[in-house]
Amino acid sequence: MVTSLDRDCVTLNSKKSPSPTSKTRNSWQPENQIKLSLPHLQTIIKNNIAILLWLAPLVFLLFFYFFPLSKILGVSIARSESGLLTPFLDALTSSSVQSVIGFTFWQATLSTIITLILGIPGAYLLARYRFKGKSLFRALTGIPFVMPTLVVAAAFNTLIGPRGWVNQTLMDLFNLTLPPLQLINTLSAILIAHVFYNTTIVLRMVGDFWAHLDPHLEQAARTLGANRWQTLIRVTLPLLLPVIAAAALLVFIFDFTSFGVILILGGPKFATIEVEIYYQTISLFNLPLAAVLAIIQLLCTLGLTIIYTQLVARFTRPLSQKSTLSSQRSIYSWRSKIFATAFILAMLLYFTLPLISLAARSVTRLEPDRGQHQISTNGLTFEFYEELSINRRGSYFYVPPTRAILTSLGYALGTVVITLLLGIPASIALSRKIDSKLNRIIDPIIMLPLGTSAVTLGLGFIIALNHPPLDLRTSPLLIPIAHSLVALPFVVRSLSPALSSIQPRLRQSAAVLGASPGVILRRIDLPLIGRAILVATIFAFTISLGEFGATALISRPEYPTIPIMIYRFISQPGGINYGQALALSTILMIITATGMLVIERFRMADIGEF
Amino acid sequence: MNVSEWQILGNFRDMWILELNQIKKNFGGKIALNGISFGVNEGEIISILGPSGCGKSTILMIIAGLEVPDEGDVLWKGKSILNVPPHQRGFGLMFQDYALFPHMNVEDNIAFGLHFNNHSKEEIQKRVSDLLMTVRLRGFEQRDINTLSGGEQQRVALARSLAPNPQLVMLDEPIASIDRSLREHLIGEIKQILQELRLTAIYVTHDQEEAFSISDRIVLMRNGTIEQIGTAREIYNKPISLFVAKFLGFSNLMRGTIGKSIKKDVIKTPLGEIPLMEEVSGNVNVLIRPDRAEIGTNKPFPITGRIVKKSFRGTTVRVEMEVDSKQDNKVDLVFEFTSIIQVPKIGEQILVSIDPKNAIHLFPE
Numbered sequence: 001m002v003t004s005l006d007r008d009c010v011t012l013n014s015k016k017s018p019s020p021t022s023k024t025r026n027s028w029q030p031e032n033q034i035k036l037s038l039p040h041l042q043t044i045i046k047n048n049i050a051i052l053l054w055l056a057p058l059v060f061l062l063f064f065y066f067f068p069l070s071k072i073l074g075v076s077i078a079r080s081e082s083g084l085l086t087p088f089l090d091a092l093t094s095s096s097v098q099s100v101i102g103f104t105f106w107q108a109t110l111s112t113i114i115t116l117i118l119g120i121p122g123a124y125l126l127a128r129y130r131f132k133g134k135s136l137f138r139a140l141t142g143i144p145f146v147m148p149t150l151v152v153a154a155a156f157n158t159l160i161g162p163r164g165w166v167n168q169t170l171m172d173l174f175n176l177t178l179p180p181l182q183l184i185n186t187l188s189a190i191l192i193a194h195v196f197y198n199t200t201i202v203l204r205m206v207g208d209f210w211a212h213l214d215p216h217l218e219q220a221a222r223t224l225g226a227n228r229w230q231t232l233i234r235v236t237l238p239l240l241l242p243v244i245a246a247a248a249l250l251v252f253i254f255d256f257t258s259f260g261v262i263l264i265l266g267g268p269k270f271a272t273i274e275v276e277i278y279y280q281t282i283s284l285f286n287l288p289l290a291a292v293l294a295i296i297q298l299l300c301t302l303g304l305t306i307i308y309t310q311l312v313a314r315f316t317r318p319l320s321q322k323s324t325l326s327s328q329r330s331i332y333s334w335r336s337k338i339f340a341t342a343f344i345l346a347m348l349l350y351f352t353l354p355l356i357s358l359a360a361r362s363v364t365r366l367e368p369d370r371g372q373h374q375i376s377t378n379g380l381t382f383e384f385y386e387e388l389s390i391n392r393r394g395s396y397f398y399v400p401p402t403r404a405i406l407t408s409l410g411y412a413l414g415t416v417v418i419t420l421l422l423g424i425p426a427s428i429a430l431s432r433k434i435d436s437k438l439n440r441i442i443d444p445i446i447m448l449p450l451g452t453s454a455v456t457l458g459l460g461f462i463i464a465l466n467h468p469p470l471d472l473r474t475s476p477l478l479i480p481i482a483h484s485l486v487a488l489p490f491v492v493r494s495l496s497p498a499l500s501s502i503q504p505r506l507r508q509s510a511a512v513l514g515a516s517p518g519v520i521l522r523r524i525d526l527p528l529i530g531r532a533i534l535v536a537t538i539f540a541f542t543i544s545l546g547e548f549g550a551t552a553l554i555s556r557p558e559y560p561t562i563p564i565m566i567y568r569f570i571s572q573p574g575g576i577n578y579g580q581a582l583a584l585s586t587i588l589m590i591i592t593a594t595g596m597l598v599i600e601r602f603r604m605a606d607i608g609e610f
Numbered sequence: 001m002n003v004s005e006w007q008i009l010g011n012f013r014d015m016w017i018l019e020l021n022q023i024k025k026n027f028g029g030k031i032a033l034n035g036i037s038f039g040v041n042e043g044e045i046i047s048i049l050g051p052s053g054c055g056k057s058t059i060l061m062i063i064a065g066l067e068v069p070d071e072g073d074v075l076w077k078g079k080s081i082l083n084v085p086p087h088q089r090g091f092g093l094m095f096q097d098y099a100l101f102p103h104m105n106v107e108d109n110i111a112f113g114l115h116f117n118n119h120s121k122e123e124i125q126k127r128v129s130d131l132l133m134t135v136r137l138r139g140f141e142q143r144d145i146n147t148l149s150g151g152e153q154q155r156v157a158l159a160r161s162l163a164p165n166p167q168l169v170m171l172d173e174p175i176a177s178i179d180r181s182l183r184e185h186l187i188g189e190i191k192q193i194l195q196e197l198r199l200t201a202i203y204v205t206h207d208q209e210e211a212f213s214i215s216d217r218i219v220l221m222r223n224g225t226i227e228q229i230g231t232a233r234e235i236y237n238k239p240i241s242l243f244v245a246k247f248l249g250f251s252n253l254m255r256g257t258i259g260k261s262i263k264k265d266v267i268k269t270p271l272g273e274i275p276l277m278e279e280v281s282g283n284v285n286v287l288i289r290p291d292r293a294e295i296g297t298n299k300p301f302p303i304t305g306r307i308v309k310k311s312f313r314g315t316t317v318r319v320e321m322e323v324d325s326k327q328d329n330k331v332d333l334v335f336e337f338t339s340i341i342q343v344p345k346i347g348e349q350i351l352v353s354i355d356p357k358n359a360i361h362l363f364p365e
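Top line first, the protein sequences correspond to chains A and B. The numbers in the working numbering rise by one with no breaks, and the one at position 527 of the first sequence is 527. The numbers in the working numbering rise by one with no breaks, and the one at position 42 of the second sequence is 42.
Because the hints were derived from the structure by calculation, they are not lab data. Even for Gly, the Cβ is constructed at its ideal location relative to N, Cα and C. Watch out, some of these pointers could steer you wrong.
The calculated lysine-lysine pairs, modelled on DSS-like cross-linking and capped at a C-alpha distance of 27 Å, are [said to hold, decoys possible]:
1. K134(A) / K345(B)
2. K337(A) / K132(A)
3. K357(B) / K246(B)
4. K345(B) / K330(B)
5. K24(B) / K337(A)
6. K337(A) / K30(B)
7. K246(B) / K268(B)
8. K309(B) / K299(B)
9. K310(B) / K260(B)
10. K357(B) / K263(B)
11. K337(A) / K134(A)
12. K132(A) / K24(B)
13. K132(A) / K30(B)
14. K264(B) / K299(B)
15. K246(B) / K310(B)
Cβ pair distances, simulated, as ranges [unchecked claim]:
16. E196(B) / L345(A): 54 to 62 Å
17. R329(A) / M15(B): 29 to 37 Å
18. L349(A) / E123(B): 40 to 48 Å
19. V68(B) / I338(A): 13 to 21 Å
20. N227(A) / S177(B): 23 to 31 Å
21. V68(B) / G530(A): 43 to 51 Å
22. N227(A) / N34(B): 29 to 37 Å
23. Q192(B) / W229(A): 52 to 60 Å
24. V68(B) / I117(A): 26 to 34 Å
Only chain A is shown next, with the shape it has when bound in the complex (with noise of 0.2 Å):
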């Protein structure tokens, strides 16, 4: 039933999009061929072809994924005496392992709740009405969800923190000595990021889903009886109840994991899973518990992935698909105006504040110079830009930070060599035969280290990679080898619909015009997927440039990342520190925020599940 109605399906979760004609799609070479010099071989090659493409990503994943996971779970085993359970059942019953999940779960829940509450309006809003500056409006939703953690954590302190401009604002006005608004370290400050990271989650899965709905089924309930409440409960939320429940889950998935906001700005106080890993890790060199640790937050991403891709594949039930030139309308009675307007003020406000207070933070003198008691004047300054580049202790062990922009630099191309070259071919292998048994297998592989946390990659590196024979420790591969284990399912949901979105009648004519399966793909395959390469490359490069919690438990003291460097400042104490945490912070949100403009531009419309 599904498979014959796929066209009309919503596929957000790209994985089961395949255009109709995909059974056609792997007949381009000519099925006769005359001239068999090596019959044999070639059938093989022929048969095997999707097989050979994806050895090398398989290779990869098995490992720098699944061998570093074994370690893992062997590390949190080895030291059990009394069966294999004992580990686990000992950190369950442990009452500081049960807060720190029990944490986890709570932050994560009020979070997702909150992002209902804010996103699910405002899906409403993008998916139902036409108004000036949408597209805009859309785009910039956008920008947050791509945001560094460093950067967001950075951006919201410059805002709400002890420093921030609410606070020097509010004890100018009153002549406060010390900040009114505490928020930093609070349940609060984490809750306002994550809500301010996933609301793009809501208003896109839930907005692209509403936007083409059918009206005619509302209005259709309500020419039947029903009022607007009656046909919001009967019909409307009935419908979009799978989006927003696999939205909610993916939402969920993200608080659950998340690791840089919960540092930075929930402090020593708080801790979920992922930041105890990284505590015990790091400072406690505890590796078996935090090994423990790491399988039982895996064990959760896993089942609730797997609750994810269900509901997913629910909602690509059959139903009618509209345009969105039919579904959407223009805003006409004033009270509707009022409140659209304001709640898309609200939105950019809420979405773009704190970055253009850490941008404007970031070049503004509020503090006397280091060394200097006497009052400063406030004003414009570049100072923490100029003091990237000066090693002012004079320390043989100070990393300057523009060493740390080369190396993110660096390590950011790397990731997109390594990604591109795995996912390519991977991309290649899914297009063809959409439907086969081994893609259908293989893709929810390629997509696992999606549902695996970022400190959890790095602990297995840590664990697995540092002894024969692969010991990786001092490679410069390292680290970009776990940003492309991150990065990897992105470019891979980027690339693979491009690629089945080419018909296979342009292959099949370039067959018959005399093009050999290479130039086929060099003529035809590669220019079309042009874009989707240049998408994949800049996923690629700004996931890498922005990651943190891989890199804050396997990058070297003398080589470090940019955000590990706005991290080490930011733990800093004194004005000029968190000045060029804030200065660094914002060349990477620049950084970022284009790359984010520029596949928005280039992403092909509706596709991808990104």
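Dock chain B against chain A, hints included.
Showing chain B alone in chain A's frame:
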């Protein structure tokens, strides 16, 4: 009867159960409806006919209360209903795409409108099975909407819109997405059901045959305005404008000028001077009805030409002929004759004749 004559009948307004009065509607600066006025009698099936994009569906949306007109009024039994929300109007609307609820089975879809009136469970079940009987889908209660064929979905949609006993049923192109071979059958069924239940109905379509076969009266629209209102026979026999003539598929159209010849008024056309039977002047478009010609010279105005094409159509035979023009180019004409009559072969000469009284319509430019 044209629009202005219709408005003269304002004194008889009380007889309309539904009346639209000078409805205007813009969508983002684009005019969708520009002054629509017509009335519907109780128990009448009225068609709104016109090319796609002429505003037909918008009229239904406004009557149903799903769109608000920019100007004008909608009266039900003489009272304005513009402030009545759609769910309290008690009108049924069947959408072109049926808009069946995909998360409910057949029974729940049909019963949807019955939940808002304090019906008991048994009453609802009874009503659903009665309606399924009416639309000839007995035993379909538990079927999944998504597994039904187009024709079955159409009948479920009809049953659903009929379920709450609407005072007025509106059908928006109900059979447009159904195979041609099934359409005639379904149209007959819909008409029979509407008549059995003595329902007042508005039927929107772009297909004149559909409109002709189902409705008591037709409102023919063009670009947001009403071009002609009348029964099928009235509209067919006396198209009021060039647009209506073209829309009905009449093809023998040419330009002409009214002038004097000897002592009579004539229409000067490429075919020659045709006696004038109406009071018009200036330049006109001339329609020679394809269905009112005879082979031979029995009628007052003869036309000779050469047969270019002949096609047999069962009861009629359609002849395309080429006539040497009195002016410059040749004129192509099409006529239909009963197929009992012997028609000359292709390439041969043919002589036909028409009576200007009933075979010619003039549309002043």
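Review point. If you check each hint against the structure, which ones fail?
Key: 1, 9, 18, 23
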